[in-house]
Amino acid sequence: MADEEQTNPPRLSPFDVIRHVDEHLGEYWSARELYKLLGYTEWRNFHTVVVKRAMKACEENGHSISDHFVQSSKVITRGKGAKQNVMDILLSRYAAYLAVMNGDPKMPIVAMGQEYFAAQTRRQELADQLAALPEEQKRLYLRSEISIYNRQLAEAAHQAGVVQSRDFAIFQDHGYMGLYGGLKAKDIHVWKSLQKNQQILDHMGSEELADNIFRAAQTDAKLRREQIQGKQRANQTHFEVGKEVRDTIKRLGGTVPENLPTPPESIQQLQRREYTRLKQDTQPSIFDDLDESERED
Numbered sequence: 345m346a347d348e349e350q351t352n353p354p355r356l357s358p359f360d361v362i363r364h365v366d367e368h369l370g371e372y373w374s375a376r377e378l379y380k381l382l383g384y385t386e387w388r389n390f391h392t393v394v395v396k397r398a399m400k401a402c403e404e405n406g407h408s409i410s411d412h413f414v415q416s417s418k419v420i421t422r423g424k425g426a427k428q429n430v431m432d433i434l435l436s437r438y439a440a441y442l443a444v445m446n447g448d449p450k451m452p453i454v455a456m457g458q459e460y461f462a463a464q465t466r467r468q469e470l471a472d473q474l475a476a477l478p479e480e481q482k483r484l485y486l487r488s489e490i491s492i493y494n495r496q497l498a499e500a501a502h503q504a505g506v507v508q509s510r511d512f513a514i515f516q517d518h519g520y521m522g523l524y525g526g527l528k529a530k531d532i533h534v535w536k537s538l539q540k541n542q543q544i545l546d547h548m549g550s551e552e553l554a555d556n557i558f559r560a561a562q563t564d565a566k567l568r569r570e571q572i573q574g575k576q577r578a579n580q581t582h583f584e585v586g587k588e589v590r591d592t593i594k595r596l597g598g599t600v601p602e603n604l605p606t607p608p609e610s611i612q613q614l615q616r617r618e619y620t621r622l623k624q625d626t627q628p629s630i631f632d633d634l635d636e637s638e639r640e641d
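Using the numbering used here, the first residue of the sequence shown is number 345, and each one after it goes up by one.
Source of the hints: derived by calculation from the structure; they are not laboratory data. It is possible that some hints are incorrect.
With a straight-line Cα cutoff of 25 Å, these simulated SDA-like cross-link-like pairs (lysine to any residue) come out [stated by the list, open to error]:
| # | residue 1 | residue 2 |
| --- | --- | --- |
| 1 | Lys450 | Trp387 |
| 2 | Lys594 | Ile557 |
| 3 | Lys575 | Ser509 |
| 4 | Lys536 | Thr599 |
| 5 | Lys566 | Arg577 |
| 6 | Lys482 | Ala463 |
| 7 | Lys482 | Leu596 |
| 8 | Lys530 | Ile544 |
| 9 | Lys396 | Lys450 |
Just so you know, these numbers come straight off a predicted model, no measurement behind them.
Please model the complete structure; the sequences and the hints are all you need to start from.
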């Protein structure tokens with residue numbers, strides 16, 4: 345069972361397999377590799393029809409073609425081992441998305457690609473929207489998200505044999521200990537100087553909430569993927585995932601969660617303030633029914 349992750353790795357989309365990452369370009373797809381994956385037999389048809397349509401759509405949507413379609417070259421092997429230098433186009437995620445959207449949807453792999461890139465593009469849009477939110481709204485959003493991830497984690501833990509409430513509290517502590525350098529939930533509570541009835545998740549900033557979402561999501565996935573059984577193995581798994589997240593934060597030069605600042609306002613305070621703001625925004629102005637001639641300057 346210990347080697348199951350190596351013998352049965354998580355399944356990747358074929359579009360992930362041909363995805364490249366470059367220090368300067370970021371992530372990209374080779375059009376030469378993409379056209380074969382999509383089932384096209386001739387580069388000329390793919391380039392003159394699909395790629396050209398994708399470029400036109402990019403321009404019509406107000407984006408610079410050169411930012412998403414980068415001319416390149418590629419060495420291919422012909423018959424008897426002969427090498428030939430041919431043109432290639434390096435596609436950004438957006439460009440690859442436009443290319444598959446302009447492919448023939450009757451081809452099964454094209455339909456799969458349309459679904460893949462649509463989902464990935466939407467995920468990136470949501471990430472960009474979240475990044476643009478003020479800290480208070482990020483906290484509100486991520487606090488609701490972690491509730492969902494915790495419910496999913498509780499279900500996976502139950503399937504692994506963590507049934508009793510007390511056992512689940514111990515299971516949760518193992519995740520916290522891995523992520524917080526040995527601190528249990530009650531230790532984090534004391535560390536944040538919280539009152540008895542206050543919840544630690546309600547007093548985390550957006551970065552700390554994101555760390556805990558990653559811990560919960562990866563533990564959930566590992567428990568299900570490896571079909572882990574038994575309380576002790578589930579606890580150890582949660583600890584190991586938490587520690588791995590902590591080690592990753594350190595490698596990236598980030599701040600470990602217990603050293604992140606505790607926000608001055610709780611989630612409940614933010615919710616009340618947000619509710620008041622929304623209520624005020626929806627109230628009609630007393631001047632709404634006045635004619636322009638009756639309004640003051």
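For a C-alpha distance cap of 25 Å, please report whether lysine 575 and serine 509 respect it. Holds. Lysine 575 to serine 509 sits at ~12 Å (cutoff 25 Å).
Decide if the proposed pair is consistent with the structure: lysine 530 and isoleucine 544, CA atoms, cutoff 25 Å inclusive. holds (9 Å)
Hint check: lysine 482 vs leucine 596, CA-CA at most 25 Å. Holds or violated? Holds: lysine 482 and leucine 596 sit about 22 Å apart, inside 25 Å.
Given hint tryptophan 387 paired with lysine 450 - CA-CA distance at most 25 Å: Since the Cα atoms of lysine 450 and tryptophan 387 sit roughly 19 Å apart, the hinted pair holds (cutoff 25 Å).
Can the restraint linking lysine 482 and alanine 463 be considered satisfied, given a maximum Cα separation of 25 Å? Distance ~22 Å between lysine 482 and alanine 463 Cα, so the pair holds.
Holds or violated: lysine 396 with lysine 450, Cα cutoff 25 Å? holds (20 Å)
Is it true that the CA of lysine 566 sits at most 25 Å from the CA of arginine 577? holds (11 Å)
When you check the alpha-carbon spacing of lysine 536 and threonine 599, does it fall within 25 Å? Given that 25 Å is the threshold and the Cα spacing comes to 16 Å, the pair holds.
When you check the alpha-carbon spacing of lysine 594 and isoleucine 557, does it fall within 25 Å? Satisfied, since the Cα-Cα distance of roughly 17 Å is no more than 25 Å.
Hint check: no violations occur; every hint is consistent with the structure.
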